[in-house]
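Just so you know, the sequences run in chain order A, B, C and D.
So for the first sequence, the UniProt record's numbering puts the first residue at 1; every next one is plus one.
So for the second sequence, the UniProt record's numbering puts the first residue at 1; every next one is plus one.
So for the third sequence, the UniProt record's numbering puts the first residue at 1; every next one is plus one.
So for the fourth sequence, the UniProt record's numbering puts the first residue at 1; every next one is plus one.
Derived by calculation from the structure, the hints in this document are not laboratory data.
Owing to the predicted nature of the structure, the values given are computational and were not obtained by experimental measurement.
Some hints here could point you the wrong way.
Cross-link-like lysine to aspartate or glutamate pairs, in silico, DMTMM-like; alpha carbons within 20 Å at most [said to hold, decoys possible]:
| no. | chain 1 | residue 1 | chain 2 | residue 2 |
| --- | --- | --- | --- | --- |
| 1 | B | K27 | C | E82 |
| 2 | D | K43 | D | D71 |
| 3 | C | K42 | C | D71 |
| 4 | D | K43 | D | E31 |
| 5 | B | K27 | C | E101 |
| 6 | D | K43 | D | D5 |
| 7 | C | K43 | C | E74 |
| 8 | A | K27 | D | E101 |
| 9 | C | K43 | C | D11 |
| 10 | B | K27 | A | E13 |
| 11 | C | K42 | C | E74 |
| 12 | D | K42 | D | E74 |
| 13 | D | K42 | D | D72 |
| 14 | B | K27 | C | D20 |
| 15 | D | K42 | D | D71 |
| 16 | A | K27 | A | D64 |
| 17 | D | K42 | D | E78 |
| 18 | A | K27 | D | D20 |
| 19 | B | K27 | B | D64 |
| 20 | A | K27 | A | E13 |
| 21 | A | K27 | B | E13 |
| 22 | D | K43 | D | E78 |
| 23 | A | K27 | D | E82 |
| 24 | D | K43 | D | E74 |
Where chain C lies over chain B, by a calculated footprint (3+ residues, C-beta under 8 Å) [what the hints assert, rightly or not]:
| no. | segment |
| --- | --- |
| 25 | 1 to 9 |
| 26 | 16 to 30 |
| 27 | 37 to 44 |
| 28 | 101 to 113 |
Beta carbons are placed, not taken as given, at the ideal position from N, Cα and C, and that holds for glycine.
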Amino acid sequence: MPATVASLVAVAEFVGGAVAVAGLGDKDAYRLRLAVDELITNVITHGYPPASAGEIELHSSVSDGWVLFLIVDFGTEFDPTSGHRPIPVVDPDDLPVGGFGLSLARMSADRLIYERVGELNRTIVVVRRSGRDLVAHDDRRPPWMS
Amino acid sequence: MPATVASLVAVAEFVGGAVAVAGLGDKDAYRLRLAVDELITNVITHGYPPASAGEIELHSSVSDGWVLFLIVDFGTEFDPTSGHRPIPVVDPDDLPVGGFGLSLARMSADRLIYERVGELNRTIVVVRRSGRDLVAHDDRRPPWMS
Amino acid sequence: MFQADLITSGDTVTIQMSGDLDALSAPSFHEILQQVATRSPKKLCLAMHGLSYISSAGVRGLVFARQKMGDDMEVVVEGANENVAETIRMTGLQHAITIRESFSA
Amino acid sequence: MFQADLITSGDTVTIQMSGDLDALSAPSFHEILQQVATRSPKKLCLAMHGLSYISSAGVRGLVFARQKMGDDMEVVVEGANENVAETIRMTGLQHAITIRESFSA
Ligand SMILES: Nc1ncnc2c1ncn2[C@@H]1O[C@H](COP(=O)(O)OP(=O)(O)O)[C@@H](O)[C@H]1O
Ligand SMILES: Nc1ncnc2c1ncn2[C@@H]1O[C@H](COP(=O)(O)OP(=O)(O)O)[C@@H](O)[C@H]1O
Numbered sequence: 001m002p003a004t005v006a007s008l009v010a011v012a013e014f015v016g017g018a019v020a021v022a023g024l025g026d027k028d029a030y031r032l033r034l035a036v037d038e039l040i041t042n043v044i045t046h047g048y049p050p051a052s053a054g055e056i057e058l059h060s061s062v063s064d065g066w067v068l069f070l071i072v073d074f075g076t077e078f079d080p081t082s083g084h085r086p087i088p089v090v091d092p093d094d095l096p097v098g099g100f101g102l103s104l105a106r107m108s109a110d111r112l113i114y115e116r117v118g119e120l121n122r123t124i125v126v127v128r129r130s131g132r133d134l135v136a137h138d139d140r141r142p143p144w145m146s
Numbered sequence: 001m002p003a004t005v006a007s008l009v010a011v012a013e014f015v016g017g018a019v020a021v022a023g024l025g026d027k028d029a030y031r032l033r034l035a036v037d038e039l040i041t042n043v044i045t046h047g048y049p050p051a052s053a054g055e056i057e058l059h060s061s062v063s064d065g066w067v068l069f070l071i072v073d074f075g076t077e078f079d080p081t082s083g084h085r086p087i088p089v090v091d092p093d094d095l096p097v098g099g100f101g102l103s104l105a106r107m108s109a110d111r112l113i114y115e116r117v118g119e120l121n122r123t124i125v126v127v128r129r130s131g132r133d134l135v136a137h138d139d140r141r142p143p144w145m146s
Numbered sequence: 001m002f003q004a005d006l007i008t009s010g011d012t013v014t015i016q017m018s019g020d021l022d023a024l025s026a027p028s029f030h031e032i033l034q035q036v037a038t039r040s041p042k043k044l045c046l047a048m049h050g051l052s053y054i055s056s057a058g059v060r061g062l063v064f065a066r067q068k069m070g071d072d073m074e075v076v077v078e079g080a081n082e083n084v085a086e087t088i089r090m091t092g093l094q095h096a097i098t099i100r101e102s103f104s105a
Numbered sequence: 001m002f003q004a005d006l007i008t009s010g011d012t013v014t015i016q017m018s019g020d021l022d023a024l025s026a027p028s029f030h031e032i033l034q035q036v037a038t039r040s041p042k043k044l045c046l047a048m049h050g051l052s053y054i055s056s057a058g059v060r061g062l063v064f065a066r067q068k069m070g071d072d073m074e075v076v077v078e079g080a081n082e083n084v085a086e087t088i089r090m091t092g093l094q095h096a097i098t099i100r101e102s103f104s105a
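Throw the hints in and build the complete structure from the sequences for me.
Rendered as structure tokens:
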């Protein structure tokens, strides 16, 4: 898949198919899409030089009740799981202009794993079926928040 | 994914998403779906005892121009790549009632790989973007036919 | 989703098929064919203009149609898209069933 | 696909949003907001009834709206579905923007 924002449409479709196979509900489907979308958007916009035609590989593993996505890119080394990235406290007079993507990805995924292998970034996102229809915000708190 | 024919709808959706990410054309999309569908249908109808709720795992790897599906099931050991399975010659007066599935899967896939690992069947299907819009029948002839 | 509509006109029965004909939908196609067979038409026309997918489970239905309808009865597939027609041809069934394709430029 | 329709009524500008607001569609949303900002409305209403998805790229648009429109101007999000509203809340933006949700039983 070429690393351009136009590819996000196909990504959404692929995530949707995986969700159907796994039998995930609406909320879980949404947070899976959000996590995968944010991470891929970052590879496209930050991982590769602008206007370069980088390549992104997608791998998906699905069984009843869970979906795993592995995103492989050849861009800048970047670990989306490292560093404290609390949501910036929003002051109406001094709003942050960005920095929401990684926070949303980390809050949405049930697991987020990163490894650098040679020239590759390998990022894994896992979402499991949740017991309740709507997962409370606190229950999705990433490890670094507790 | 539960091993029931109802799951075939989700499988088609998942294959469609993978095809979109890989940027495959209509013909290649069709033969990928056909190969995956036939193999999964066989697991559902022959691999697991009727009315048992077996489980099928699906893995998909996608990059620009190709898609790989790995189907994992825990059913009867069965190698879809082995044995000569030419299309039965159709005599109008003596039509075969089945046996088309494996032939179609083998003709449709660019690669078909099978291994038994412990109690698991692992079947891999690969479809690559073809140069031409319509792949001639002869070019898809499986190795056992030549 | 698979849908089939029956149209009877004189001695000809036409089944207008649309959607996906796979192992999930094949049983209902089979049922329709069984119903049609009891009417002993002279000609069975399978209008596949709206059919987007067929797998071996659907092809098995065509075989069944050919077998159930008498020898003097014609079974014609028409309007199949290139992929569907190619799938049917891959099974060699064109020797038992007439496949009529239309091409437009 | 993302679509936005502008409705001006007195001092209020309403943007009716539908589809998916992600990094692909965010630039056009941004453009619309820029256009609206030049009109200096008293109130900006973002009607999200038809919006099925929003990512951080879309949230960035909301931040931009809040910043571009003067301090005395109200920015209201309404009709967002549970997932979209939750995503906006996850960014803490509800402290700067009014989110009006409707629930029906
Ligand atoms: N794949 C990546 N490669 C390089 N840098 C990245 C990558 N993903 C994120 N970053 C860095 O982390 C920062 C925060 O990312 P994010 O939270 O998504 O916000 P935003 O994309 O709006 O800046 C980015 O601005 C960028 O500097
Ligand atoms: N996954 C499987 N497990 C066990 N047996 C299988 C499996 N797949 C195929 N077979 C065997 O191979 C035969 C041929 O399969 P196929 O060509 O798909 O035709 P059909 O399913 O119509 O019989 C089946 O009838 C079955 O006996």
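Hint numbers contradicted by this structure: none
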